[in-house]
Structure formats: C-alpha cells, structure tokens
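A.B. asks: Heads up: the sequence lines are chains A and B, in that order. Just so we're aligned: 4 in this note's numbering is position 4 of the first sequence, and the numbers increase by one with no gaps anywhere. Just so we're aligned: 107 in this note's numbering is position 107 of the second sequence, and the numbers increase by one with no gaps anywhere.
You may find that some hints are simply not true.
[Stated by the list, open to error] Taking lysine-lysine pairs in the DSSO-like style, the calculated list, with each CA pair at most 30 angstroms apart, reads: (1) B/Lys159 x A/Lys91; (2) A/Lys91 x B/Lys130; (3) B/Lys13 x A/Lys91; (4) B/Lys130 x B/Lys70.
These aren't lab readings, by the way, just hints derived from the structure by calculation. The model shown is predicted, which means the values in this text are computed figures rather than measured ones.
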Amino acid sequence: MNAHQKFYWVMAGILALLLIASLTGAVLSYQVRTEAGRAVVQNLNSRIRAWWVMIAVFAVAFFVGKDTTVVLFAATSFFALREFITLTPTKRADHLPLFLSFFVLIPVQYLLIGYGWYGLFAVFIPVYAFLLLPAFAALAGDTDGFLERTAKIQWAIMITVYCVSHAPALLLLNIESYQGQNALLIFYLLLVAQLSDVLQYVCGKLFGRTKIAPIVSPSKTVEGFVGGGLGAALIGGAMWWITPFTPLQALGMSSIIVLMGFLGGLALSAVKRSLGAKDWGSMIEGHGGMLDRIDSVSFAAPIFFHLTRYFFSMT
Amino acid sequence: MNPASSLLVGVMKALVGAYPRWQGCEPAAAQRIYFANHTSHIDTLAIWSALPPALRARTRPVAAKDYWDKGALRRYLAIRNLNAVLIERAREGRQGDPLQPLTDALQQGYSLIIFPEGTRGTEALPGAFKSGLFHLMQRFSTVELIPVYLENVHRAMPKGTFFPIPLICTIRFGAPVQRVADESKESFLERARSAVVALA
Chain A
1 MNAHQKFYWV
11 MAGILALLLI
21 ASLTGAVLSY
31 QVRTEAGRAV
41 VQNLNSRIRA
51 WWVMIAVFAV
61 AFFVGKDTTV
71 VLFAATSFFA
81 LREFITLTPT
91 KRADHLPLFL
101 SFFVLIPVQY
111 LLIGYGWYGL
121 FAVFIPVYAF
131 LLLPAFAALA
141 GDTDGFLERT
151 AKIQWAIMIT
161 VYCVSHAPAL
171 LLLNIESYQG
181 QNALLIFYLL
191 LVAQLSDVLQ
201 YVCGKLFGRT
211 KIAPIVSPSK
221 TVEGFVGGGL
231 GAALIGGAMW
241 WITPFTPLQA
251 LGMSSIIVLM
261 GFLGGLALSA
271 VKRSLGAKDW
281 GSMIEGHGGM
291 LDRIDSVSFA
301 APIFFHLTRY
311 FFSMT
Chain B
1 MNPASSLLVG
11 VMKALVGAYP
21 RWQGCEPAAA
31 QRIYFANHTS
41 HIDTLAIWSA
51 LPPALRARTR
61 PVAAKDYWDK
71 GALRRYLAIR
81 NLNAVLIERA
91 REGRQGDPLQ
101 PLTDALQQGY
111 SLIIFPEGTR
121 GTEALPGAFK
131 SGLFHLMQRF
141 STVELIPVYL
151 ENVHRAMPKG
161 TFFPIPLICT
171 IRFGAPVQRV
181 ADESKESFLE
191 RARSAVVALA
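If we strip away everything but chain B, and leave its shape as in the complex, we get:
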C-alpha cells in the first residue's frame, strides 16, 4: 500500500474510528461484494479503512464518475489511493453496459464495495436499492454478498456538509445474503436491503 493510503487510513481512524464489527462473517480472502447504506462522502473511506490491509489491497470501491472524476484531488484519492471503479450514473453519458467496469473488476478477482441506493440518503436506514446488485448476483454465482451497515457516519458528515466531525463510526459486516433460485428482482433487492437494515 502506498504511504498516502496509509496516511488516509490513519486520518480516518483518528477522526471517526471506523471500527469493524464482523457480526455475520469473518474478514476472509473470499471474493465478495460488500453492499452498504450510503449517507456520506466518507462512507467509502470508512469501509475501506475498516478492512484489514490484506483485504484492502484486493477490494475496490465503486464510485460515481460524475463526483469522483472531478478535480485533481478527488481523482487522486479515488484512482491512485482507493483503486476505485468509476461508473457513469447519468443515463445520457452511458455507452453500452453501465455495469461493465464492475464485471471487469470482478472477473479480475477483485472484491467490490457498492452502495446499491445509487446516491446518498439523509436517513440512517437505506432507501430502495437499484438493480445493479441483482444483475451482479446473477452473473457471478460464487461471489459472496455481504451486507454492511455504517453506523453514525450520517452524523459524522451528513449530506450537504463539507467536513467530518469526529464521531466513533462502527462498520458492521453481516452474514452473506443467500441466493434463492428463480427469485424476482424486486424480492431479492428488498431482501438485500432488509439484511442491511437488520444490522442497524
């Protein structure tokens, strides 16, 4: 890991703790999709800091291109330090399959961190999930789907603020969501959402 990344993790720990709680699974090397509630710009960093260094190197956060590709600092943080997979959110800008960068990363063996709501909410509990998680689940039948609940992060840096306040944030990792044969998209997404809510 490069020194800037270690510094970033150090700052995150000093500010918000980012303590992991492995409630339903262990920090293992298995290929995984971590999916979490999204309330703050520091969510990605918080989960990433909570992972042990060995897993961090094999895990790539998925981030919105329209935000993280703007400005040298954000791009430096997202691409150089977090090794983020950038995706296009706006329908107009898309060419071909919007999930392509994610499938590429999964095919290369990386784990992913995604926020299935697609955007930050103002409440602690997540809103409705977008369908990306469902499609990834279908395409990659062996990847573990780990629900993650970020506690207190919405207080540390709520939507609309530009600096975090130091609060102890806990990152809860739940048990993998099991696949059910022939399940509808809506039913799966609701089940995945409930798995995050159950950790709250």
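The following block holds chain A by itself, in its conformation from the complex:
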C-alpha cells in the first residue's frame, strides 16, 4: 500500500467515526431532559461540528502537499501565539520583540523546515531568538517587570512555535523503506494525541469520579485518563501499518504521545489559569481557542520527533 492509499483508509475510518459521533450527538440532543445535560450536549455537538471543519482543513492541506502542510502549521503557530500574547501582560517596550516573533520568527522557523535545514531549525529559537529578543526588549529601556515579561514571551514562543513546529518537522526525517510517507507520521501524531483528548473527555464524562488536579484542570479525572489514554494507545498500536514501526513499537510510541499529551494539557492549563483565563480563546467553537486544541500536540510533538529521529532516522 502506498502513502495515498493508507491516507484514504485512515480518512475513511475518521469519517466513519465522525458520522457516528454526529449521529450520537443528534440522538442525545433529543433525549436530554435536564438543563445541565442540555449544556453538555450542546457543547458536545459544537465540538463535533468543529472536528468536521478541522479535519477537512487538515485533509485538504495534507492532500495538496508538503508545503501546504507546513504553511498550515505556521498558521496554527501564528494563531496560538496570538492567543498566548493576548492573555499575557506585555508592555509598550515589548512591541518590537513581539513584532519580530510573529513576522520573522514564525516564517523563518517554518521556512527552515521547507528547505530541510535541520541543524538551524533545532537551534534557531532556543539560541538565536531567546538571546536576541530580550536584548531588543532591553533596548527599549523599560526595566519594570523585565524578567517576567521576557520569560512569558519566551514561554509563549517555546510552546506555540518551537514545539508545534516539530510536528511538520517529521517531514525532514529520512527513514529506511518509508521514503515519501513521512506526512503519515504527522497524521499519526495528531490522530493519537487528539483521539486521546477526545477519549479522555468521553471517559471522563461517563465514568469520571476522582479528579487528578481539581484546581488546575477540573475536567481531568483518573478514570478519564486511564480509560481514554489506554484506548488511544491501543488504537495507536493498531495503526502501526501507517508508520515505520512494528506493532509493539507503535504501541510504545502512542503511549508516549498519550502521556506527553496529558502532561501538556495539564501544564498549559496551569499556565492559562495563572494568566487568569478558562479558555485560551474562542476561535474553535466548543473547544475554546487554538491552544486549547493543540496543547497536547505541542508537548507530544518534540518528544515523538526526537524518539523517531534517534531510533528510526538514517540522518
């Protein structure tokens, strides 16, 4: 089976899942009686509708080609960084560094993927950007809260640009007898991370009793994490045929994606709440903002990338 055939099979599976989800949502909205239940079902249905749109956008980008996929992730970083900076208290003195982050950093980071320059891609943000941006901020001469402001901007860039860019960077890897199929690895990463979120949400709503971190993230429960995480890891294992991994390796990789995704959701939820918000934004109906949807991917992507690179890539 070539990459396109695998892609069609996975898409068919996802469409079937979405259809089932939409039907379930429709049935639930007829059956629900209580006011609180109605709110939950309404949110569930807008989440499902948003999934249709997100999957359509991703499928089109994936289908058109690698460049479009890279551009799609660049746009994702742009909107995620916009959400992060909107909630972060910055000052007039940060104007230039922020301008550079949006209009120089993001394009350069993704162009490096497009040109396949891995060495600079890996150090461009942690070395060059993290040294130069605070220096530019210092030039503006405002020392009030300088460390806090700089640290917050660096965190924002780290999560929304550096981490997220590791998903399309999977295209750079040169894996034996997997040439020309790397885009499927991006798909695999997103599939496992997002399924894990969805299944944890569903298991949490159905069986959730014991809260893991009630203050940081009230919706995360032990039952949800175990049930949803196991489910997503098993599905990830069963999807080994779209990856360069053996079934057992795929199970290991998907478990890591699930675990990192969970930690990402937890840590970014803490960041979000320390900035005084419940959602990152309102861009994706029912889900909140862009960052609410990709928080798990941002933590899972760099680890998945490096494990695959270390153990499977020839360069």
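With the hints as your guide, set chain B onto chain A.
C.D. replies: Then chain B, alone, in the frame of chain A:
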C-alpha cells in the same frame, strides 16, 4: 463593497480578530453615532471591521483631515475604502462650523463612528471628551448614541508605533446613552465617557 475593502477587513481579522461583542444593543439598521476610546491608528478600521457588512455600508468613520488627507495611500484608504468624513482639527484651518461635514453625513442618513477625545491617548481608558458629541446629540434627537470600548487595541498598535502586532482585539458595543432634558454639556459628556469606561 469593493474588493480592496474586503481585503482590508480580511487583514484586520487575521491580525487583530476585531471580534464584536454586542453587549447593550443589537447590530441593527437604526441610525447611530458610535463613539469610542481612541488609542491607535487602527481603531477606526477595527470598529469598521467588527460591523456586519450591511451596516458597514451605511456607516462612515470620522477622521482627522490633518492625518488622513496626507499621502496617496492614507487618502485612498480613508476616502475610497472607508468612506470617511474628514474633519479639520486645527482651529486655524477651520472656516465656519467644524461639525458641518458630520451634520451633512447624518442628514444623508449615515451612521457615524467618532472618537470624542479628539486625539489618541496612551491609556486604555478614555480621557475627557470634546464637545462635538454633545452638539450632534442636540441637533439630531433621534440618532442612537452607542458607546463602544476597544479592548487591547492600545496594545496591538500603541501611539508612536508604526505596525500592529497580532493580538485579539474585542470591540464592545454598549446600550444607547439616553438623552436627559436640559442636561449641561459637561454632565452629558462625562456620562457618555462613563458609558465607554463601564464597558472596559
């Protein structure tokens, strides 16, 4: 709407969101004066982009002639795309009633977007209002006076910077300010200002 205007609105939405929040009124076709806090050159565009297209066509922003009439690009933006009403700020340049272009536009049935502070401030909250709004309120007794608060725009493009950074800006539309019979100018202007501040 011409394609350049659609492009302009598209760019504004991609950069700063310009999401409307109709908190005290609905986006209705009634003739209105929208008055807002003024912190940035993109304020006008932000409010204009937040309006639904149908209302946009009937709404004209009021802009300072000394800024927007300089240079081909600004003039193109202000006159061709925004259909702006340009007014003279400097006392020396004025002949006759400075509010005349505004009254003309209102008589033609247009709604207006105005910034009663007259100039951009550096703080998020508005400073004292100039008296133009009071005179318009007296002359046009049926036009609704809608307070508008621009959130985050002063961070996106503060006074003294030349390019905006992408931040999600929200445009809050409040409930119409009611007219009170025989109210003094100072009292009305302060009440109007408080209506904007209350949305913050």
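A.B. asks: All hints, please: hold or fail.
C.D. replies: Checked hints:
1. About 12 angstroms separates the Cα atoms of B/Lys159 and A/Lys91, which keeps this hinted pair within 30 angstroms; it holds.
2. Annotation: proposed proximity of A/Lys91 to B/Lys130 holds, straight-line Cα distance about 28 angstroms (limit 30 angstroms).
3. Straight-line distance between C-alpha atoms of B/Lys13 and A/Lys91 comes to about 22 angstroms, which keeps the hinted pair within the 30 angstroms bound.
4. Restraint check for B/Lys130 and B/Lys70: the C-alpha separation of about 24 angstroms stays at or below 30 angstroms, so the hint holds.
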